[in-house]
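Trainee: Chains as they are written, first to last, in the working numbering: chain A, 1 to 298; chain B, 1 to 359; chain C, 1 to 357.
Worth flagging that the hints you see were computed from the coordinates, not collected in a lab.
Honestly, I wouldn't trust all of these hints.
[As the list claims (entries may be wrong)] From the structure, some residues in chain A lie toward chain C, with a derived Cβ separation under 7 Å:
(1) 183
(2) 184
(3) 186
(4) 189
(5) 190
(6) 193
(7) 201
(8) 205
Ideal Cβ placement from N, Cα and C applies to all residues, glycine included.
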Amino acid sequence: MSIQKAQNNKAWFMVLPVLILVAISAIIPLMTVVNYSVQDTFGNNEFFWVGTEWFQEILSSERFHNALLRTLLFSGLILAIEIPLGILIALAMPKRGWGASVCLVLMALPLLIPWNVVGTIWQVFGRVDIGLLGHGLASLGIDYNYTQNNLDAWLTLILMDVWHWTSLVVLLCYSGLVSIPEVYYQAARIDGATRWAVFRFIQLPKIKRVLLIAVLLRFMDSFMIYTEPFVVTGGGPGNITTFLSIDLVQMAVGQFDLGPAAAMSLIYFLIILLVCWVFYTVMTSYDNDEPTSGGGPQ
Amino acid sequence: MLELRNITRHQGEDVLLDDISLSMQRGELNILLGPTLSGKTSLMRIMAGLDKPDSGELLFDGVSVLGMAVQKRNVAMVYQQFINYPSLTVFENIASPLRVARVETSQINRQVAEVAELLQMTQVLDRTPDTLSGGQQQRVALARALVKKADLVLLDEPLANLDYKLREELRAELPALFAAMGAVLVYATTEPTEALVLGGDTVCLHEGRVEQFAPTLDLYRTPASLRSAKIFSDPPLNSAKVECVAGELAFANSQQKLGINIEQIPDGNYTLAVRPHHLGRERDGLDDIEVKGSVSVTELTGSETFVHFSMEDNSWVALLRDVQNFAVANTVVFYVQPQHLFLFDSDDALVEWQSTGKS
Amino acid sequence: MASIRLQSLAHRYPSAPDYALHSMQQSWSDGGAYALLGPSGCGKTTLLNIISGLLRPSEGRVLFDDIDVTDRTTEQRNIAQVFQFPVVYDTMTVADNLAFPLRNRGIAKNEIEKRVADVLQMLDLQERANDRARSLTADDKQKISLGRGLVRTDVQAILFDEPLTVIDPHLKWQLRTELKKIHQRFQHTMIYVTHDQTEALTFADEVIVMYEGAVVQVGTPQQLFETPEHTFVGKFIGSPGMNVLPCEIDGIDAVFVGTKFSVNITGDNPAARFELGIRPEHIKLSSSEGMPLTVTALEDVGRHVIVRGEIAGVALCALVKDGVAIPENPCVSFDSTRINLYADGYRVGSGRGDDTI
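Next comes chain A alone, as it looks inside the complex:
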């Protein structure tokens, strides 16, 4: 018993450097933000305690509500499109041979492009005067202008995100799919299973774990999206594409309202945490009846 305890203490000692690192890189900045969120200042480094005033202001502000709804809608649409589309593409990809390598390289390409470049590409791509997409649509007689039309602006942003990030979902699902032993498909053929049954009872259960990671990553990323809409639409036309992140930057850097901005970022952070927790709990609830004693190959 005593030996075991000594070992445990040693283990804690070993992770101490990491703890310190995390403290410096994450916890200390976070505390600064917490500090700002409960105080007000008129400059000259003079601070006043205001308690939860900023939080109340943010939570009751219509501007915040609208931005939050827009962001949630954006994330919802992104997930609703990218997850099924990603699964479909992964299912259609060849599992071996040179075709598999070609597909993998093609899929990885959009992921290699920096965010601001993606934004710029689409900003140009969609322009009615010189952009391939914008000009092409215009010459077909379709009235398209993402800088003026609300719907067009949204469509452009969603299309851009789908183009940029579906690959990630594809690659994650693909890695799950190729790890399924061939014998499962053979057994399904013997059992006379339909294509849908194969997906529902073999493929989906096997890719569920990677799918969870894909959903979490895509949610967090899309919920925090900033660079691309900032480059393409700048939050417009009007405020129609002003997501929480853009709003936050406007408040903090544009208006220099550090207190409300700090309060808002904390609320923002808590929302992401909450939604991720919900996703995680729902999607892992099935795993509770996992065998306790190792089990065999699954």
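Here the structure of chain A is known, so what remains is to put chains B and C in place on it, guided by the hints.
Mentor: Then chains B and C, alone, in the frame of chain A:
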């Protein structure tokens, strides 16, 4: 000498190992026999130092080794899967533990050659493991354990992934190899036949507890408990619940007498057991016991016959030396010599008994 | 149920230089129990997958009841197959797993319930019927795989690919006899692939022994034991296998280390390498009769002792029944009616049994 004292290990609510005490000598083969999940692998992992017991002591040559890191203990392990370095030649695979120990090159060449000779691997030393058959791959793993000259060699079902015939071949070779090692040898298997061919001492494991620890043949011939007898029986042991009234045995749920008159044991409920090959078609002696049942299925192997039959509520099997066919549902009669009958009391412990021979 | 015929069937994997299966003709009757027996890599699983339609042969035809099914898919062939490692649908319950092949074929609900209940009982899984399949042990998972093969009553054939590999020895016995009983009861055409002779011989009416992609012998267990057509079969079947001893031919006698055995030789075999086959079961040990044996090892395996030894440098083993005494310096004699004679590995004759020894 390896000594385990009151080793216990839990995983969550489950008891993996329950108060295990054993002592194993150098140069002896110790077989861990038991079905899957009986604790064989858990026990080996503790012996190797890969896991820590929740309580208990582990001593090697009288020194406690529980706190010692795996790398510092001189342990070799061979697994069910053939684990070799895929990119190294067979020679380098076998030499790897010696290279780690910084043995001189000339010394390495000599030792590897010796071991390769012993395992008939001299011809394939330049090849890589993936070009070898399963049997040869496992020989490489065995050679590595052998060349290391470890104090403790653990073999976890090393033949389970091999073809039946290869298994037979290696089984016949292993005892000589083990004798050459001079280490404490522990060999886990689920197969009674394997234990019998290998000899040595056997530990019967059941649900994390030691049922019995004895020389292999002794354990087979006189199992101390019904569980040991069942674990150490392939084909499965035949058993039936019987009642003893005034020195006479009868089935517990009917009035059918068994024709066994016995002395010494008190009245009560017992379990009677007999190994399949001890059931014969002919009466050998006057005090042979008659067993009658109805045939449910016959299996022929070309040289032997397995007759499955039911008797009361019990399914029994008889193993006969030649090919005989029995129609399903026919009544068959077998005879057992009294010295081949096991009797276990209500606590499943073996009962010493003697036939009065008046049947 | 169907009879199965293989016409000039052969298979070569694309890009492989050699045939995985050499051309063969086989005819298996409706309702029979067959075993494909051989060491790993002998092509038995390839052959099984060709029959079930998971693999298309590069040459030859597969016929079910005289209908060519070579170009039909697995689903169209209506075959059940059980694999070596358990395949279960993790998210379904045990009962749903068993019902799955029936539901896919649109079978009536009450019929499904009845058959699932039957199979659950057969495999002793009633208590786990509503547990999720992934919570089971490997043994139980494999039982489900077996159950999915047995639940359909209208299949053309049931194929087993080493189904008991992951099963504990005791349960192996139980399941093997259960399969035998099921076969006797329903008379399905069953084909069982294994490398384990006990499984093959006890299960099948007829065993197909395969070696390096070719069929070496087809026969009943007794034929394989008594008259192996090739020394490979003699060694592979039996435990330990047949003793194969080099010998010379002198007229109508086979001579092994000076001892003559009269044999019937068929055909003309000039310059062949002759060998004499005798099973350990048919060698008798005594203190004076026959050839002196130098004992190298005694293996007591409980129900018999395997005596390993040498005669003039030739290794040999004999079986002695449990309880029979082994002489100090034993001599061995062969049961000459049980001798087989081989030329270049193929059987060309047998002992006549009129020897004096």
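Trainee: Now tell me if each hint is right for this structure.
Mentor: So, going through the hints one by one against the coordinates:
1. 183: Status holds, d = 5 Å.
2. 184: Holds, because the Cβ-Cβ distance from residue 184 of chain A to chain C comes to roughly 6 Å (cut-off 7 Å).
3. 186: Holds: closest Cβ of chain C sits about 5 Å from residue 186 of chain A, inside 7 Å.
4. 189: holds, 4 Å
5. 190: holds, 5 Å
6. 193: holds, 5 Å
7. 201: With Cβ-Cβ at 4 Å, under 7 Å, it holds.
8. 205: holds, 5 Å
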